[in-house]
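Chains as they are written, first to last, in the numbering used here: chain A, 1 to 669; chain B, 1 to 518.
Rather than coming from a laboratory, the hints here were simulated on the basis of the structure. Even for Gly, the Cβ is constructed at its ideal location relative to N, Cα and C. Heads up, some of the hints might be wrong.
Said to hold, decoys possible - Pair ranges (Cβ atoms, derived):
| hint | chain 1 | residue 1 | chain 2 | residue 2 | range |
| --- | --- | --- | --- | --- | --- |
| 1 | A | R70 | B | I53 | 32 to 38 angstroms |
| 2 | B | F451 | A | S646 | 50 to 56 angstroms |
| 3 | A | L183 | B | F451 | 34 to 40 angstroms |
| 4 | A | L636 | B | P404 | 56 to 62 angstroms |
| 5 | A | I623 | B | G109 | 50 to 56 angstroms |
| 6 | A | T25 | B | K156 | 43 to 49 angstroms |
As the list claims (entries may be wrong) - Chain B is nowhere near these chain A residues, computed Cβ spacing over 12 angstroms in every case:
| hint | residue |
| --- | --- |
| 7 | A21 |
| 8 | M222 |
| 9 | L287 |
| 10 | F387 |
| 11 | W563 |
| 12 | G603 |
| 13 | F607 |
| 14 | L615 |
| 15 | P629 |
| 16 | R630 |
| 17 | R643 |
| 18 | A652 |
| 19 | G654 |
| 20 | I661 |
| 21 | F664 |
| 22 | G668 |
To be verified - Just so you have them, the derived chain A footprint on chain B, three or more residues with Cβ under 8 angstroms:
| hint | segment |
| --- | --- |
| 23 | 289-296 |
| 24 | 398-405 |
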Amino acid sequence: MAVETLKFLPWIPLLGAVLCAICCTSPALRRLAGAICVLSVASALALALGVYFGPQSQAALSGTTVHALRWIDVHSFSAGFSYYIDGLTMIMLFVVTGIGALIALYATGYMKGDRGYARFFFGVCLFIFAMTTLVMADSLVLLYLGWEGVGLCSYLLIGYYYDKPFAVEAAKKAFIVNRIGDLGFALGIFLTWTTFDTVSLHEAIEKARHILEHGGEITTAMQCIPFLLMAGAFGKSAQFPLYVWLPDAMAGPTPVSALIHAATMVTSGVFMIARLIPIFELSTYALPVVAIIGTFTALLAATIALTNNDLKGVFAYSTVSQLGYMFLGVGVLSTTGGIFHLFTHAFFKALLFLTAGSVMHALAGQLDIRTMGGLRKRMPVTCWLMFAGCLALAGVPPFSGFVSKDMILHDALARGLHGEPLFFVLAIAGLFTALLTAYYTFRLWFRVFMGPERFEMGEEHGHDEHAAHDEHASGGHGPHEMPWWPMNLPLVVLAIGAIAAGILAEYVGGEHGWMHTMIEHSTASVEHEFHGELFGLSLHSVMVVLSLLIAALGIGTAAYLHWLRRDAAGVLEQKFAPLVKLLVNKYYVDELYDLAIVRPLRGCGKFFNLIDDYLIQGFLVQIVGGWGPRLVGYVLKPSQSGRLQSYGVGMAVGVVIVMVILIFKLTGN
Amino acid sequence: MSNLMVDKVATLWPEMVMLAGAVACLMTGLSSQASRRRTVVWIAAATLVIAGIIAAAGTAQATSGVGLAGMAKFIKVAVAAVGLLLLMLNTSSTSQEGVALMRDTPELGGEFFAFFLCSLTGVMLTAGADDLVWLFLALELTSLPTYVMVAMGRQKLEARESAVKYFFLGAMSAALFLYGFALLYGAAGSTQLADIHQYALDNPHDGLLMFGLVLAVVGICFKIAAVPMHFYAADVYQGAASPVTAFLAFVPKSAGFLALLLMLGIVGWPLPQPIAWLIAAIAVATMTVGNVLGLVQSNVKRVLAYSSIAHSGYMLLGVLIGPPGSAPGSGNSATSAIGNGVAAVLFYLLAYGFSTIAAFAVLACLRVENDEAQTYNDLAGLMQRRPALAAVMVVAALSLLGLPPMVGFLGKIYLFGSALTQGYVVLVVIAVLNSAISAGYYLPIAASCIFSKPMRDVQTIEAPGRQAGAVLAAILAVVLGFGGGKLVSSANDAGRVVKQKHADKVSQVDQEKQFTSQ
Chain A
1 MAVETLKFLP
11 WIPLLGAVLC
21 AICCTSPALR
31 RLAGAICVLS
41 VASALALALG
51 VYFGPQSQAA
61 LSGTTVHALR
71 WIDVHSFSAG
81 FSYYIDGLTM
91 IMLFVVTGIG
101 ALIALYATGY
111 MKGDRGYARF
121 FFGVCLFIFA
131 MTTLVMADSL
141 VLLYLGWEGV
151 GLCSYLLIGY
161 YYDKPFAVEA
171 AKKAFIVNRI
181 GDLGFALGIF
191 LTWTTFDTVS
201 LHEAIEKARH
211 ILEHGGEITT
221 AMQCIPFLLM
231 AGAFGKSAQF
241 PLYVWLPDAM
251 AGPTPVSALI
261 HAATMVTSGV
271 FMIARLIPIF
281 ELSTYALPVV
291 AIIGTFTALL
301 AATIALTNND
311 LKGVFAYSTV
321 SQLGYMFLGV
331 GVLSTTGGIF
341 HLFTHAFFKA
351 LLFLTAGSVM
361 HALAGQLDIR
371 TMGGLRKRMP
381 VTCWLMFAGC
391 LALAGVPPFS
401 GFVSKDMILH
411 DALARGLHGE
421 PLFFVLAIAG
431 LFTALLTAYY
441 TFRLWFRVFM
451 GPERFEMGEE
461 HGHDEHAAHD
471 EHASGGHGPH
481 EMPWWPMNLP
491 LVVLAIGAIA
501 AGILAEYVGG
511 EHGWMHTMIE
521 HSTASVEHEF
531 HGELFGLSLH
541 SVMVVLSLLI
551 AALGIGTAAY
561 LHWLRRDAAG
571 VLEQKFAPLV
581 KLLVNKYYVD
591 ELYDLAIVRP
601 LRGCGKFFNL
611 IDDYLIQGFL
621 VQIVGGWGPR
631 LVGYVLKPSQ
641 SGRLQSYGVG
651 MAVGVVIVMV
661 ILIFKLTGN
Chain B
1 MSNLMVDKVA
11 TLWPEMVMLA
21 GAVACLMTGL
31 SSQASRRRTV
41 VWIAAATLVI
51 AGIIAAAGTA
61 QATSGVGLAG
71 MAKFIKVAVA
81 AVGLLLLMLN
91 TSSTSQEGVA
101 LMRDTPELGG
111 EFFAFFLCSL
121 TGVMLTAGAD
131 DLVWLFLALE
141 LTSLPTYVMV
151 AMGRQKLEAR
161 ESAVKYFFLG
171 AMSAALFLYG
181 FALLYGAAGS
191 TQLADIHQYA
201 LDNPHDGLLM
211 FGLVLAVVGI
221 CFKIAAVPMH
231 FYAADVYQGA
241 ASPVTAFLAF
251 VPKSAGFLAL
261 LLMLGIVGWP
271 LPQPIAWLIA
281 AIAVATMTVG
291 NVLGLVQSNV
301 KRVLAYSSIA
311 HSGYMLLGVL
321 IGPPGSAPGS
331 GNSATSAIGN
341 GVAAVLFYLL
351 AYGFSTIAAF
361 AVLACLRVEN
371 DEAQTYNDLA
381 GLMQRRPALA
391 AVMVVAALSL
401 LGLPPMVGFL
411 GKIYLFGSAL
421 TQGYVVLVVI
431 AVLNSAISAG
441 YYLPIAASCI
451 FSKPMRDVQT
461 IEAPGRQAGA
471 VLAAILAVVL
481 GFGGGKLVSS
491 ANDAGRVVKQ
501 KHADKVSQVD
511 QEKQFTSQ
């Protein structure tokens, strides 16, 4: 297929969204929504694959601009629906539509019988539209449109259970925290426009490259742009200090957590920085700051995940932590590593969330892992699928998570050994985080699936229609395995990805692997070689050994404390009670924000509300605006007496006045 | 000479068709068979369609310098199109109940539609005028039939009273502008606009000419219901039958604005300072008076009358700005419709026309206790009874208010934007404040349709023509708001032809004058 056809790609899910919206209107149509959504996303995937394997794949990979629609065209400013297709775009399209289709398929089973079934799939389709627009955009304005679009869908889907106060609160929190970052992003776009005279991605990047290569004046404004864009990336990708919304976002249905808050949307910040890497290189400090924030967030979130007892909460913090790795990757100029980790993470984190969803589904909404144990007998498929995901997340070679994380840490370490001590420290912190990751991942898995069997059913009595025919929700029989179709089968595909995607993308296809080739043919490519030696061995081999040791240590500890000797965990917990308390309370960050930001702002709001009530509404609107014109009206009303004579006199007087003024004007000149 | 006559007549085919149609309506209306008499509406419609097609097919003739010859085509087509819409409003009910409901409205005969067509012909002729006598006749051809239409449209004492008021005050205004024309003739020695224009260029500060011009302008202000000639509007609009009121709100107003543009074309843009000052003062007074009086009304027909006054005030801004390229330093105006005051006025006339016709059409479809629906209470809860009509009313009110995406918003953008490009910031601020005041009576119209509980026993007339007209006008008000680009550009093309050839010379003379006075 010609590369031109890609311009239709985002509109297929949008069409799906429209159809799903129509399905919302009648109960008879409602059940069709799931199939529509899966089909539309799958056709988008097919289109992307068709172009990739088609005759023009070279064009698709080497950076082509495809124009679809004119949008804003004013004077010298133009922003249209034009798409920029290169290797990075294709990777992102595969992730978004591929993982998206699998998750949508799973969701057709997961959401079955829910009264908002069609509304849910409307949100998913709309999200895919916005996300594909985001990754394909050539203009920063269009990228922003997609950016806000995914934000909107995220808000809608977090608040999917709108009758539950905590879901509504979480949706609001996500939206508001994202606003802070998006303000920075918008300012960054404005500044790009005033600095580079273009909002087109590839033109701005070319200009930045030109300055980098041929040396040109780097203005202060140019150095500010990356920091403003960074704010947007940190908001959307849940990095410190704007990460607080993501753990709460788990209030949405689990497929949403998997799709939006793990696999795709939250990675768009990483994508954006990778896409605009030459612009970030304009500032000496921008990328190191990205790396520092990323590593710090990775460590912070991993420590919180250590003591979290919420099934989805652990994975939420682990997502924040893994996103930190990706930022470390792009921050050390290892864009291949960053995007690679984005790619593999999408597989294994989606898998983990969906298997967690299965457990939650089977236990009628139960999320507290302290109430679970030994579920492997009742849910064997889910158990081993999650195991595969856990191995990938824990970074066990040769699973996919290891390969990509290894690349990031390797590149960081290589730069650290080449006289940049900052990156050495970051790499060590990254390795330590990997240890924590291995521990908390398997802590969860051992707790849920190993040991003696125990479970408590949750509060949720299934979905409305569900409860009648589904035995597991009616109690008595306890949890049981999910059906193969449509739920477990997509998970198997994801599990294969979680196991093998890393190795395949690293060693198959092209001289340096598929991933490397793809990134090289994109705006994210950087001319930077990472090599190094440690202890006489190539850095690469050292990393493999280190990773194995770390993973073994983490998993071993977890196995000891949470499988073999569960009582020891309690003893340890008591010993470090203050620390555990700090971690369980997530470093009191939410409370701190509440005290330092939310309350003062609320106070301000109350004050301004008073001004609004009394000065604006009371004085200006009621008295000046309301009574002023009315008063004049009442004064003039007698002139409309209805008497012909007075009208005639009025007209005559008017003419006389005009004439007098005219004489005055003419002679006074 | 004879060649000139032939050329001139050749531009008048649409008008001739219209007059022929009027005669045909008159004749058919005299028929003894009721079924034959009923065909007059169709004859009138066919006339409008044919005239519109001829006007659209014709080429724009550029006559001698001044005149609206270039705009004439745009205006003739627009008049034919809006005329069709107005015709739909004036159709009567097809059902027995509907006829019974409309007891105070006589079955409109052939003569009504003949007057209807004559009045529209007047507007077309105004657009093509290049002579004072012609202009006067065209204006009177527009107005005289309307006096009769007001009286005929409704068998009520109020209608007769309105007609009498309208006639006397109209005659007074005609006397005023005829006096002005006489003075112009006295000053320039010719009735040809081109000659007077040449005279004005040569003698830019001739007092007699100025007096004549100002008298003419003030007299024409009656047609557009601008201060100080606005008194009649509320009474006449209220007294006339709603479909006729819709006619009054569009047709004489259009003729008036065309005549104003012709008159001011004599001195050319930028207008000499006293004239510009006068127009600005009239504009401000008109929009303010219209809006504040509209605010204290409870009768929707009167409210719409005051709204008509206020909108004339807005449009006077466009008249003040004039065609593009007339002000030094407005480099962008040649390419953009913003900056072309004439185009803005032409577009706004249509925008206002569709919106206000939609509003009156809804009123024309409703009856309360053997009378027309005309108070806020009559409209209350319309949404529950007739959602389609209520939606039309809401669209009309919001469009008149100038809310996007309705066409009224686009119209205001062009008017106010053009005024801004010429630096009339204070005027624009006043105009925008006035728009805000107007929300005080447009929004209650919309709100009472949607939110209020039905208060009175309102019945709907089964008159397909009227309902279709209402819906069509509302659709146009929305569609043009989204896709008015084509119309704007054709208005822009039309407006550009009026460009003054000698504008530079005027300003040059002005500068010399200033220089010598220093």
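Does A/G668 clear chain B by more than 12 angstroms, comparing its Cβ with all Cβ atoms of that chain? violated (9 angstroms)
56 to 62 angstroms was suggested as the range; check whether the CB atoms of A/L636 and B/P404 agree with it. violated (31 angstroms)
Closest CB-CB distance from A/F664 to chain B, is it above 12 angstroms? Nearest chain B Cβ is 9 angstroms from A/F664, so the label is violated.
Given coverage of the segment 289-296 of chain B by chain A, checked by CB-CB distance under 8 angstroms (3 or more): This one holds; 7 residues, not fewer than the three required, reach chain A with a Cβ under 8 angstroms.
Regarding the assertion that A/M222 does not contact chain B, is the least Cβ-Cβ distance greater than 12 angstroms? holds (31 angstroms)
For the pair B/F451 and A/S646, does the Cβ-Cβ distance stay inside 50 to 56 angstroms? violated (38 angstroms)
Just double-check A/R643 for me: nearest Cβ-Cβ distance to chain B has to come out over 12 angstroms. It is violated; A/R643 is separated from chain B by about 9 angstroms at its closest Cβ, not greater than 12 angstroms.
Evaluate the condition: distance from the CB of A/G603 to the nearest CB of chain B exceeds 12 angstroms. The claim stands: A/G603 keeps its Cβ more than 12 angstroms from every Cβ of chain B (closest is about 32 angstroms).
Distance rule for A/A652, whose beta carbon must clear each one in chain B by more than 12 angstroms: violated (8 angstroms)
With respect to the beta-carbon atoms only, verify the hint that A/I623 and B/G109 lie 50 to 56 angstroms apart. With a Cβ separation near 54 angstroms, A/I623 and B/G109 satisfy 50 to 56 angstroms, so the hint holds.
So A/R630 supposedly isn't at the interface. Is its beta-carbon more than 12 angstroms from every beta-carbon in chain B? At about 5 angstroms from chain B, A/R630 fails to clear the 12 angstroms cut-off, so the statement is violated.
Starting from the range 43 to 49 angstroms, see whether the pair A/T25 and B/K156 falls in it by beta-carbon distance. holds (48 angstroms)
The structure fails to meet hints 2, 4, 15, 16, 17, 18, 19, 20, 21, 22 and 24 from the earlier list, while all remaining hints are met.
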